[in-house]
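A.B. asks: Chains as they are written, first to last, in the working numbering: chain A, 1 to 191; chain B, 1 to 270.
In short, the hints are calculated from the structure, not lab data.
Please note: incorrect hints may appear among the correct ones.
To be verified - 20 Å max Cα-Cα, derived SDA-like pairs, lysine to any residue:
| no. | chain 1 | residue 1 | chain 2 | residue 2 |
| --- | --- | --- | --- | --- |
| 1 | A | K60 | B | N243 |
| 2 | B | K55 | B | T72 |
| 3 | B | K8 | A | R88 |
| 4 | B | K119 | B | Q65 |
| 5 | B | K262 | A | E66 |
Note that the coordinates shown come from a computational prediction; the quantities given were computed from them, not determined experimentally.
What follows is each chain in one-letter form.
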Amino acid sequence: MQYEAVVVGVSAGGFAVLSRILEGLPDSFPMPVIVIQHRSKDERTLLEELLRGKCTIRIKQADEKERIQGGVVYFAPADYHLLIESDRSFSLTCDEPVNFSRPSIDLSFETAAEVYGNKLVGIILTGSNGDGAAGMKAIRQRGGLTIAQDPETAVFPRMPRAAIEIGAVQHIFTLEEIKYFLINLMHTDHA
Amino acid sequence: MTDEEEIKELLVSIRSAYGYDFTEYAMASVKRRIHHFMNIAKFTSIRALGRALLKEESLFEQFIQEITVNVTEMFRDPSFYKSLRGHVIQRLATYPLIKIWVAGASTGEEVYSIAIFLKEEGLLERSVIYATDINQRALQIAKEGVYHLRKMKSYTSNYIKAGGQHSFSDYYVSQYDAALLDRSLRQNIVFSAHNLATDRSFNEFHFISCRNVLIYFKQQLQTRVIDLFYESLCPFGFLALGNKESLLFAEKGKHFEEVDKKERIFMKTG
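Bound-form chain B, shown alone:
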């Protein structure tokens, strides 16, 4: 059996044992992460890893941390936030209660960026942001809103490029090497576990942001997730994807209109 076949088999048994479905994740990245995990956890074969994962739930918990991707930053792609200000915010402002879904929120950096952005537009008070992720430990970090102080320098620079209107340091207090984000930012954020590969729509939103999550999925799963977003958006609701992601292959793509081609912001039109 080739390496990839063994991995496929492993993913299938994980699905039946734990309900986590990685069988439709893009293989090269999953493979690399599994091998990385085997290195740190000292497994010499995928079979041995598979046997141990099915036996020890605690090992599986560690495995999940390695397999689900948790790399994010505040105000990643500053031009995206500028585009939100130009194209999205006016329409959102017309709703008495603004409902937003950040899908694949990971450790929360983007959720807080959106919260800061809404606050500066005077809209945070009447917004509810649902921040979901498959990885519950990542969500716990998101909920705490505590990040490394050393990252704040690049976040500040992103914030300024994104057109931030205040001083970024207004939004956190530093303690030793940690930056604690302003707690008022999370008053209107609901953190909850949601698995894009297996879970259904749970509300109707005016704006869904899911940036750099679909790239990890195979095309069929991408299509299903786009369907899920379509169902979860109100008429004329907005969808934001990562700047290398598209609706090109999704059947529902024709029901969206490009609002900003470069920043990959779309509006549901039909």
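The following block holds chain A by itself, in its conformation from the complex:
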């Protein structure tokens, strides 16, 4: 298999964008999709519940020590950082916020890059701070594939732009293109 996992970073307010991509994925999608979305610390499970109604692929919040499996979209829980361990399981921490964010996209992306190396796809979507840029760079440095939502099409362009500006992004795509890119990954895998 060319890729083993997909990580997605998006900040608060990116729900509509995220659901447009995830709605397109079938439950047979072979890879795990790990989503780091900035969210209010009081909002514990609403995000997952709302998406579950719209998607066919399985949606769940990542549990600590949970084994990461294909065909599942995992969300980082509110008020925790989500780290990926080398045995392909999750761990959580309450360490200081990074870029004022907990969960921090950078942190998850960096640990995912270390584990999955060049078999990782990193996607950065709409968002209003610079979190995620360093994480995208880490993915790129380890040979992973990096995609940013076209800032022209993003409600909050700062996050994808920050990643593009430091040269961490290989492809700049619209949402539709991101969706089809992911679906195509699946077909090349089975070829």
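Place chain B on chain A using the hints.
C.D. replies: Coordinates of chain B only, in the frame set by chain A:
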């Protein structure tokens, strides 16, 4: 040798030299903290760091500060305190002397939150709270009970959401940029060093709170710590974990009943 193998080796030598056992801590977080420490202390390899740590005890002291996690806040998860009021307090009130253990108390914010909570329930006078942590410097801060004034705003908001009955500012006086917590709160708090990875049970408690500590441990150590809590609880004693922690994998899990699933409060039943 990979980065992780070198770190494992380092942790083993730390264990034999200093008795601190981090070998069963979840690796991704430990690794990140070690690399962070290497950055500030200007080490370019894990081997060089290892040699220096074994030679210089003062460097090791700094290292411990970096590796043991000290991020906490007052009334974190306000709904947890509401649940304590609803589910736990009535039973605790039946004991003439209420014994509580806050394990992994760090710099003390949660201990004082519990003390304030007990005070408002009229129970602080007959409670003893044991606040323990592996990190003695953190415990020293806890003992002093002095925090940054700028944090009080979010703590006040947490306190109100937690159902606090007074004005949060009743519990501290401000001096320059510091908030000094009411000293009477700590009259019944015993601060002491305890290492969950290596130390044994030291008393029997009615309520143990250990929130967001187990997430830093590997599963085997988690299981052993749950065993330790089981041994340290009286029959029908309560155990509170962080809201992403569970008893699912612990063998002793079946001897606990869920009191509040969402807030992860359990009662020892068997």
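A.B. asks: Next step is simple, just say for each hint if it's right about the structure.
C.D. replies: For each hint, the structure was consulted:
1. A:K60 x B:N243: 16 Å, holds
2. B:K55 x B:T72: Between B:K55 and B:T72 the Cα gap is close to 32 Å, so the pair fails against 20 Å, i.e. violated.
3. B:K8 x A:R88: OK: B:K8 and A:R88 at ~18 Å, within 20 Å.
4. B:K119 x B:Q65: Violated, because 32 Å separates the two Cα atoms, which is more than 20 Å.
5. B:K262 x A:E66: Roughly 18 Å separates the two Cα atoms, so the pair holds.
Going through the hint list in order, the structure does not satisfy hints 2, 4.
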